[in-house]
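Modelling step: build the complete structure from the supplied sequences, incorporating the hints.
Top line first, the protein sequences correspond to chains V and R. full-length UniProt numbering puts the first sequence at residues 1 to 1429. full-length UniProt numbering puts the second sequence at residues 1 to 88.
No wet-lab data here; the hints were simulated from the structure. This one's a predicted model, so the numbers in the text were calculated from it and none came from an experiment. For each residue, glycine too, the CB sits at the ideal point set by N, CA and C. One or more hints might be untrue.
Part of the chain R face toward chain V, derived, beta carbon under 8 Å [unchecked claim]:
(1) Tyr20
(2) His25
(3) Thr41
Partial selection, computed: residues in chain V whose CB lies under 7 Å from chain R [unchecked claim]:
(4) Phe653
(5) Arg1097
(6) Arg1100
(7) Glu1101
(8) Asn1108
(9) Tyr1111
(10) Leu1112
(11) Asp1116
(12) Val1119
(13) Tyr1122
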Amino acid sequence: MSPPGSPRQRLVDSYTAPKEILQEFADLAEEEDVDPFAETASKRQIAARQSDYHNRRFDRVAVDSADAFQSAQDGKEVEGGYKDAMRLSRLEQEEQRVKRAIQEKERREREEGKMKMDLDKTPPAAELDDVARELAAAKELAMAGKEGTKRKRRWDAEPTDENADPSSTGEWSKEALDASAPKKRRSRWDATPAEAGGETPSATKRSRWDQTPMAANGGVEIPMTPIIMNAPGFMQEDKHNRYLTDEELDAVLPATGYAIVSPPPRLCPLCGSSKARTRLPLQQRLVSPPDLPTEIPGVGNLAFFKAEDAQYFAKILKEEDETELSVDEMKERKIMRLLLKIKNGTPPVRKTALRQITDKAREFGAAPLFDKILPLLMERTLEDQERHLLVKVIDRVLYKLDDLVRPYVHKILVVIEPLLIDEDYYARVEGREIISNLSKAAGLAHMISTMRPDIDHADEYVRNTTARAFSVVASALGIPSLLPFLKAVCGSKKSWQARHTGIRIVQQIAIMMGCAVLPHLRNLVDCIAKGLSDEQQKVRTMTALGLAALAEAAAPYGIESFDNVLKPLWTGIRLHRGKGLAAFLKAIGFIIPLMDPEYASYYTKEVTVILIREFQTSDEEMKKIVLKVVKQCAATEGVTPSYIKHDILPDFFKAFWVRRMALDRRNYRQVVETTVELAEKAGVAEIVGRVVNELKDEAEPYRKMVMETITKVVEKLGASDIDERLEVRLVDGIIYSFQEQTTEDQVMLDGFGTIVNALGIRTKPYLTQIVSTILWRLNNKSAKVRQQAADLTTRLAIVIKQCGEDQLLSKLGLVLFEQLGEEYPDTLGSIIAALGAVANTVGMTSMNPPVKDLLPRMTPILRNRHEKVQEASINLIGRIADRGAEFVPAREWMRICFELLDLLKAHKKGIRRAAVNSFGYIAKSLGPQDVLSVLLTNLRVQERQSRVCSTVAIAIVAETCGPFTCIPAILNEYRTAELNVRTGCLKALSFVFEYVGPQSAYYCDSVVTMLEDALTDRDLVHRQTASTIVKHLALGVAGLGCEDSMLHLMNLVWPNCFETSPHVIGAVMDAIEAMRVTLGPGILLSYVLQGLFHPARKVREVYWRIYNALYLGAADALVPFYPDLDTLCRRRLWAQRGRLPPLFKPSVQLYLVPTWRKMKLSAAFGLISDLRAAIRVATLPTLKAVFKEPSLVLRPASLSRIFMAAVWGAFAAPTDEGARPAKLKLIPHATGAVLDIGAGLGHSIGYFDRTAVTAYIALEPNTLMHDAIRARATAAGFREEDGTLLILRGCGAEDPTTIRAQLDGAGLQVDTMLSIMTLCSIPDPQQTLTRLVREVLAPGGRLLFYEHVLSPRADVAWWQRFWTPLWRLAFDGCCLDRPTHLWIAAMEDEDPGGERINMWEQCEVWGKDGEPEEHLFWHRVGKFVKHSG
Amino acid sequence: MSSELRYTANTQLEHLHARYTGTGHADLSKYDWVTHQHRDTLASIVGHPTLTSFLAIADGESKGRIKFEMTEQKMLQPCGPPPRKDED
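Right, here's the structure in full:
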């Protein structure tokens, strides 16, 4: 190696670094203990990152806010209520006032002292000393003034162990001490920095309170690593900050004017214990820095553990004997553990802990929880993540605790309010959420009483955050509820601060709620209107800002609400200057757009004078506001273009179109926006004409600003306004500024493109110049310049074509083609894109260079890995494949196909999409076979992305070349034993069916077998993909008549609905949805009904999910398919009783109306009394009969008959009486020969219309009654002798043949069949009656009946069925549960041709008048006419 | 909880579904379901003019009357008052 410093002999390949760098590394190496991450750590910390203003949150005081509602219940005063809070805040104000007075006095004294010093030429030494002392005191006061806003916290009124620990967070714990000391006046003096203590030798003017016993954050000078310095419990043994002993105090303090107060009894233990506790760990910590555990007993592993955490979680860090702890202590430990887990734990640990703490929130109670959470949130080293988690805990806990939080509202607010002014949007949202929940839990009254004292707080920070919190409360509980309070606050006479805050609340409400303020706009405006004429400047300013916010929120409505404030606003702008004026102007700017055109024009003219005056302002804020107002005024309808041209533009351009404005980014944007807005009114030519010369300005940022403005103006309004002379200047300007640019910027490029495109054919004269510029720049040395030239070509290609300069384009094309060897990928990408643009505009046929030369040149470039190059080249190739594939040999295309496969791996989706589309184009020109085989082979590769893209490409090939070319190949490939290939095939098929849509109808049968296989495969993914195929298939073939195969597939898909993997279940549900479209909702419903009320919840959940989807998809179409519910209900009922459900014909099932009413028991058991009466009247005759003929006992049927005859004898008359009205309506319809089925005692005879009835035929199997019938018939004039009476013998209704025979014997034909209360007791009624009607009743004859039948109400029907077995035993086979009328209505007959037809020509059924629905004997009356042929 | 885990990907859809009247869930009582069905049926009758006319002819009432009955009279508790809690 040659010695350094002799460059000639140095080897070419040896590198070395400059000396300074080496030195820097050496320096770094020396400070080894420097933590390279210290800086990032502090960035993570919220407090370290935030401004001083934000950090003023650490100075806030939180008080207990007593639950007013609670105290009212208890009847005793609760400490810390509203009264206390107000008293405290008054105290604080007083304190500030006194402090200011003292400062003032000191200042005056000092000045006097100085004067004295000046007068006296040689001041005595004593005086000099005095002065020195005064100066020191003044310095110190200045410090105190700076720190004056420092406030104390009174969190720890009830000190818990670690909070009271003086070793912990300095001020907090110190406060605890202070608080417990009686008669101690809190003062700012405490905040005096510690250094000052040493500098004032004899502090005659200072109280002992000046001595800050400890200052956590200042004055610690011991060299130590920062972590240990922050460590809790450390800081005492510093000589400045240690406790003063009594002797020292005596020495320091003056002997007179003070009384030494004995410490109160409760101070001692606290002091003692805390000291004792702090000393010990301090020693330990000094020797060995605390090792930070990540494993805590009872907590487990944590993600991290910070030094600061140790102080909060000290109690759980060491092992303790749990048995010695009290319940409260246990609870406390538990909370701490959970909090630690949440704050520092890993996500799963955190999740469970969060759930636990939420669940147990009420158990823990508000006090222990918030005592632990809130101090953590006020920790200075808090990081974003921790804050987020703790805030989340509060949120959850709040929800659970509900009104128990009341005492903690203020404390929570103090912690949460700072979030509202955080820079982080999410923190603000979180803060809002919490406060809104808090206000819902605590209630409006409590929120107001809690926050009221802070409204006129001396500290602006507190007022600001309180105002924001109030606006959140307003949005949570509604503006109207807060309005009265706001009115009172805004009109407060006591302090301007209150008014200021009140108005700010309104402003914040407007900002937060936006147009939701509209309903209350007038009220809100009226609230703050008076503030415009307030004597306090700040209030006036804030009012104007509030009005601006309201107007902005209300736009474009609500001008009428601002009526009252217009005058003061407009007079105000003449009265004010500076900040106040700015605010007023802002308000005006927002109100003007709301006005009617003529008003807007008038008011704009009023304000313009002031605006133009303020154009000259040097205040940045004012500038911005003025610009904004000009913009808003210009946008309103009423302002005329001529007014803008003559009155605003000259001054505007003079004031704002200066180079200086281009330097500040925000000014720049404002000026551009405003100018564009002005151009809308004044016209393009006016504005462009004014600025176009500036395009040749020497300052580049200024040129850029001009360019951007012209671009935007031209973009919006077009270039037709621009005359020839301006056009020349403009083009000249843009070419100049384009060539002169030194920084690569999109602005110039965009501007050039936009302007030239807007000029269109007018560019022609300049094209030669422009193109020669481009050509020259394309050969520039700098890659960036070349790239820009290429980009410009891309933008200009169309215009060049428009101007008919084709030879220029081909020249450009050739030059670009030669440039394809470019080595900088960014530039290469631009060049290819430019070539693509040229090819697009010229067309593939006339493209120069010819496509057949261009494409082979592109093939190697495809291997370039740079995204921009890839995208540009794939686009070009795709375009060529689409438009001019025939110019290139097939072999070249195949080569490109293989290259394209690689592009499928690209990260950018656009590239993959372009590649996949290119496959389609290539396949179209080459025929699909080769491309398809390439793609199918690609399914075997390992990379998933490549495979997926291949499947998409296959589908696209199928789409472009017809599905028939691909589906057989896919089906064939599916038979490969490889899993990847099979999945790939399925996927390809799914895309195919997605793309081809209704064409799938031709292929759906051919894929069914494959889908069968896939849907029954063990592999989940198979079934998932198959479900997707089914979905696309089903949607494609909907309405095309493939229901049979679809139903088959549906049966295969359905069992998968219990899958749990999210993707699979998603696909299956989609498939089922698609089936709804194809098969119709009815079929789907029948599947779903099986499980809706399944005993297993898991089944029900799935089925309900499907039902919901079905219902939302086709609610109306479902209606005809709703099931017959009664059958469902009854099945369950019978199943419970272990009996088979009775079979009914469908008509009966439809007839029963399900009901959820229950029949009254009195009605249900009503027939017991009937039964008892029957037994009473019939037992004696029956017993007599048995006595006469003992063998009857062995024949129960006969016995029953005897019994029945007796019953009927007693019951017939009353029954007949009850039925009289119904019978009177029915029986007179009888005509001709009447067959009375079940004649009983012949009661019907009495109702006959004797003129119409020619003969009476009685059918009564109980021969014991025949005598009675005969007697009645004879009485009515029917006689057996003349053939008008026939009592059928030896047969029942079930035997029509015998009946026919007897009738024929008598020469009678039945014209009317009458059945009164009979069909209930004949055996096999349906068949019997049908045969009777069919064979006995003459065609056209009538059937009249009066019967008790099955009730249509399900509950009554249930009771009828219940009683029937007993009832039929007692009453000779009478059944309560026969739907006789339905059976009759449904009777069928055969017509001569042998087809089944309905028996009846007419039918009419009605009820019995006044019969209750809830009755076991529910009657129907019917009149049916048999068909006559 | 189980269903939440099972359909993590689809819970959003489920929530959306649950916002509509007439949809159900695993704990829906049969009474509620049937009530929905009856209401659907009534709404369907009112919504399809042909169905309304059909019913009007069958009952010999005016269409307005049928619509009125469907919407004003039967829509409220079409299956009677809800069953008492203890009975189910």
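Each hint tested on the structure:
Against a cut-off of 8 Å between C-beta atoms, the interface hint on R:Tyr20 holds, since the closest Cβ of chain V lies about 6 Å away. A distance limit of 8 Å between C-beta atoms decides the matter here; for R:His25 the minimum to chain V is near 5 Å, and the interface restraint holds. With a least beta-carbon distance of about 5 Å to chain V, the hint placing R:Thr41 at the interface is held under the 8 Å criterion. The closest approach between the C-beta of V:Phe653 and any C-beta of chain R is roughly 54 Å, which is over the 7 Å cut-off, so the hint fails.
Look at V:Arg1097: its Cβ gets to within about 5 Å of chain R, closer than 7 Å, so that hint holds up. Annotation: V:Arg1100 was flagged as interfacial toward chain R, and the flag holds, the nearest CB pair being 4 Å apart, inside 7 Å. Annotation: V:Glu1101 was flagged as interfacial toward chain R, and the flag holds, the nearest CB pair being 5 Å apart, inside 7 Å. Proximity of V:Asn1108 to chain R holds as hinted, the smallest CB-CB distance being about 4 Å (cut-off 7 Å).
Interface hint status for V:Tyr1111: upheld, as the beta-carbon distance to the closest one in chain R is roughly 6 Å, under 7 Å. Given hint, V:Leu1112 at the interface with chain R, holds; its Cβ is 6 Å from that chain's nearest Cβ, closer than 7 Å. For the restraint placing V:Asp1116 at the interface with chain R, the shortest Cβ-Cβ distance is roughly 6 Å, inside the 7 Å limit, so the hint holds. Taking 7 Å as the C-beta contact cut-off toward chain R, the hint placing V:Val1119 at the interface holds, the least distance being around 4 Å.
Annotation: interface hint on V:Tyr1122 holds; nearest CB of chain R at approximately 5 Å, less than 7 Å.
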